[in-house]
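Sequences listed follow chains U and R, in order.
The first sequence begins at 1 in the UniProt record's numbering and counts up by one.
The second sequence begins at 1 in the UniProt record's numbering and counts up by one.
Think of the hints as simulated: they come from the structure by calculation, not from any bench.
No incorrect hints appear here.
List time: in silico DSS-like cross-link candidates among lysine-lysine, alpha-carbon distance up to 27 angstroms: (1) U/K563 / U/K9; (2) U/K759 / U/K444; (3) R/K42 / U/K63; (4) R/K19 / R/K29; (5) R/K29 / U/K284; (6) U/K284 / U/K29; (7) U/K284 / R/K42; (8) U/K481 / U/K333; (9) R/K29 / R/K42; (10) U/K481 / U/K563; (11) U/K567 / U/K9; (12) U/K29 / R/K42.
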Amino acid sequence: MTQALDEIKIGGLGASRRRVEDNRFIRGKGNYIDDITLPGMLHMEILRSPVAHARIRAIDTSKAWNIPGVRLVLTGEMMATRNLAWMPTLSYDTQAVLATDKVRFQGQEVACVVADDPYVAKDACEAIVVDYEPLPVIVNPEQAMAPDAPLIRDDKENQVDNVAFHWQVGDKASTERAFAEADVVSRISMHYPRSHPSPIECCGSIADFDRATGKLTVYMTSQAPHIVRAAVAMVAELPEHMIRIISPDIGGGFGNKVPIYPGYVMSILASILTERPVKWIEDKTGNLISTGFGRDVYLDGELALRRDGRILAVRMHTTSDHGAFFGDAQPSKFKIGLMHSAFACYDVPHAHLTATGVYTNKAPGGVAYRCSFRVTEAMYFQERMIQAAADDLGMDQAEFRRVNLVRDEDFPHRTAFGFLTDSGQYGRCLDVALEAIGYADFRKQQEEAREQGRLLGLGISTMTEPLGAGNSREYDILGIKMFDSAELRVHLTGRAILRTGARTQGQGHETTWAQIVAHELGIPADDVVVEEGDTDTAPFGMGTYASRSTPVAGAAVSMAARKVRAKARKLAAHLLEVSEEDVEWELGRFYVRSAPDRGATIQECAMAAYANMPDGLEPGLEASAYYDPPNLTWPFACYVVTVEVDPETGVWDVLNVVGVDDCGVRINPMVVEGQIMGGLTEAYAMACVQFITFDAAGNCIGSNYLDYLLPTAWETPGFELHEVVTPCPHHPLGAKGVGECATVGGPAAFVNAVMDAIKPYGVRNVDMPLLPDRVYEAISQRHDVSGAPPVKVD
Amino acid sequence: MYPSRFRYEAPRELTEAIKLLHEGQGEAKVLAGGQSLVPLLKLRFAAPELLVDINNLPGLDYHRVEPDGTIRVGALCRHATLERSGSLAQRQPTMAAAAPLIADPLVRNRGTLVGSLCHADPQGDWAAAVTALDGRVVAAGPDGVREIPIRQFATGPFENALRYDEIALEAVIPAPKGTPAGGYLKLERRVGDFATAGVAVAVELSGGLVTRAGIALCGVGPSTIAALDAEQALAGQALTAAAIERAGDLAAQAAQPRRDHRGSVEYKRHVIRTFVVRILRDIAGAAERAA
Ligand SMILES: Cc1cc2nc3c(=O)[nH]c(=O)nc-3n(C[C@H](O)[C@H](O)[C@H](O)COP(=O)(O)OP(=O)(O)OC[C@H]3O[C@@H](n4cnc5c(N)ncnc54)[C@H](O)[C@@H]3O)c2cc1C
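Given only the sequences and the hints, what does the whole structure look like? Please build it.
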């Protein structure tokens, strides 16, 4: 008998294998967009609007053209002659590539210069003179919906106001009945402030149009290169086989690099016009003030409650601020994304949600930032409503959740909003978290501390969220269904190359996908190279965002490997001179059922596929798979945070953070924990400092890292992580998405903790960010603090 | 980010550096640690024609405590050096408390105390500490060397009393007459953030009484603020609870904060008061324990 392979040793399922991509990243050998230089390459810089709303009277580019080294100056007017001044957004709206009529937000693209070097391009941008006629500025939904508000989108036919949409879901009548029967109705209103994903690497592209071959190659920072190819083919009407999108190493995406930005489009046109490669590298301010942001949603929420703690119904109204163009990059039919996934982990019989979206003079393109299409807002609102409701009932926070969480035996569970959740052990996760934080002890300490005038607080957040779009029935982008793909080619020595339609930007695909192959085939993970991001070589896929890679592309990797295994079985039967039915599989090896010591390894089968195939069998050992998931995956998480608030300054310190994640089977536990820690860091960031706001004139406050604060290792607390594993019933490996869980579920835990600490002051809500001055105001004035922080008004 | 075009010189002699500045006629700028100037250049908020890099000038990278207690910090002494300085930790509590709160470790490796004073940022931490200590700046120009008291050095936000052809050579902290005590507290939203409000307190104690008090504030006015009334009220007093509270109130009154996204006027005043009281209570507590 040969010894069976040790799956952990070959880097298979469950191995905390070190990330192979880090080898090059920590040596400074990554290949990012700005590392690429092509012969004869020109440089593009964008001139942005300094004002938030103005009519463009004239643009004078003559001085810019006269600067030596300038090759091209583009304005909206010139784009318009090629029908490229406007482009469609992923939410069926339109967005200006270069402004023609008006500028509608500060930072909007007004012109661009292509020159021999970026310094000259920047000088030339400064030499362009734009004559702006100022218009009244709208920076929030209240102003947008005022009766006499100026019309922002006067470019759109039939647009009479600043409303982008009204939408609703759920059962209004049954929800109203349930509210009529409630013992207690708990109400709370809040704002989830605007934030920005702010990847360290900004956006950029190098467009290279080759007149001789007719081929357009675009290197660009895209989380979804195939979608870009599809969009360019469909919108710019270039033949699809003549478009190659290459997404090199990406320095962080977080959803910021899903949309198609004006800069990409301009660089493509500039390359076509100059017949030279054109590089555009966005600067930090450009990235912060013009590209996909997150959140900016207001909630009015109500829960109908029975005295014993049962939730009878939920009613939510959201008002979302989309900026100047409705550019949400999300694939659902639902205008406010998956907001109605709220309360999916609770057994709530009736629910109704209404949503209003408005245009304002702010940057467009919401729904970015590790949020899975507004699930971040949904779960924050949910957990803040839950905390307020428990307080209103005078019930313990943990107990109130326990009473209402969906029970293990109730799966599959249809939520009141119509989603189907399929698996979980919600109560167990809560128990593990409370045990880890020392719940009962902490409550005692909290009491004692209060008597000494010290403010301790504990916040809980429990949630399940829908991750991993598709399925194809409900989710598509530009009509293309949300499946994903993998292509596995095993070489003759048993080494392999795997390509998928996803695009890693920190998630560790190069490590994890190889582990799936190792699990399915017994080929050591080190023998599998993973390649993504080049549309000429990778199979068609929808990219990486919304925690969808493992649920969809990862499943496709399994399926492709299983096809390879099926063919290898034929080769093994041939090598072992038995019929296929007599061959059994163990990790890495086929053997004869009646004589287990007679076997053929997967490597021997691979060699046979090239050197010794049976008659009638096609040579080679490779397979591809396209995977259309039957449902979303529903991971569950429970985050518990304890804090101490300084009543004299409003400063709060985190004492402990416990995270219990049930994301199904973990392929690489270390990578999963990395995702959770990153997510919790972002949750902490959101709760304490990270926000973008605007002054009355529409100036963006948060346009650089002095104003837009990312927490660093210095202030970020430590995290204690635990796991519970409930396999996903429909994923080939039982895995669920996880990348966004902590960003989604985490913020409420931090805010709930601070609110718990200052509850004695009669405060129900302080909106994020919980900056010290806002917390102090709540304590000293004994009132709620709502809305975005005010900005320089004096 | 792409700054405007500029010429760059890195002279090895002080006289050469001064000559370059003089010829620059106000269009030249000194480059020290670069931690304030370079961000301005890259955003094109500053576009000097010439940068005179002083990092090659000999003999400016020092800090020392002289036998009489006078402290001298040379123009190329970095924040990080002061943060790790044993002599400051022993001899100058206000500066020792301020050093680790400036910016983040990366910035501290390059930025200089003297550069920070020259930059005259109303939110600068060193200016508050040196003001509380009543220090002075030594500057050299075509006409020789002169000393400028710190309380006359900043002439407005981001403006200082140097002539365009002068280089600040060192900052001087006078020797204390009593036992020096003090502290620095800063409200920041995150490590590396500038102060929402910062308080530097430096007192000298003798026989249970305050013989000299320095209190300076940053982040709460158009430039660093010396809380004169609070300083005077403490002088000659014992650090009683009442004296401490009164100093806190007077310092809060001296602040001239503006409402912005970091907080209201009342909040910033309240923080100033809280910080002054906290530092003075600590000093009183330590003095009591020592006695
Ligand atoms: C991310 C970040 C965070 C920061 N946070 C803080 C903070 O929390 N608190 C704080 O106090 N500071 C902070 N700073 C500023 C930092 O302390 C700088 O180091 C300091 O303000 C300037 O010192 P420098 O040596 O870098 O000067 P430079 O940037 O080289 O110069 C600054 C200005 O002073 C002039 N100058 C410099 N040296 C001389 C000299 N010897 N003679 C004449 N003129 C001179 C220059 O011409 C220039 O105008 C921060 C900086 C950064 C980048």
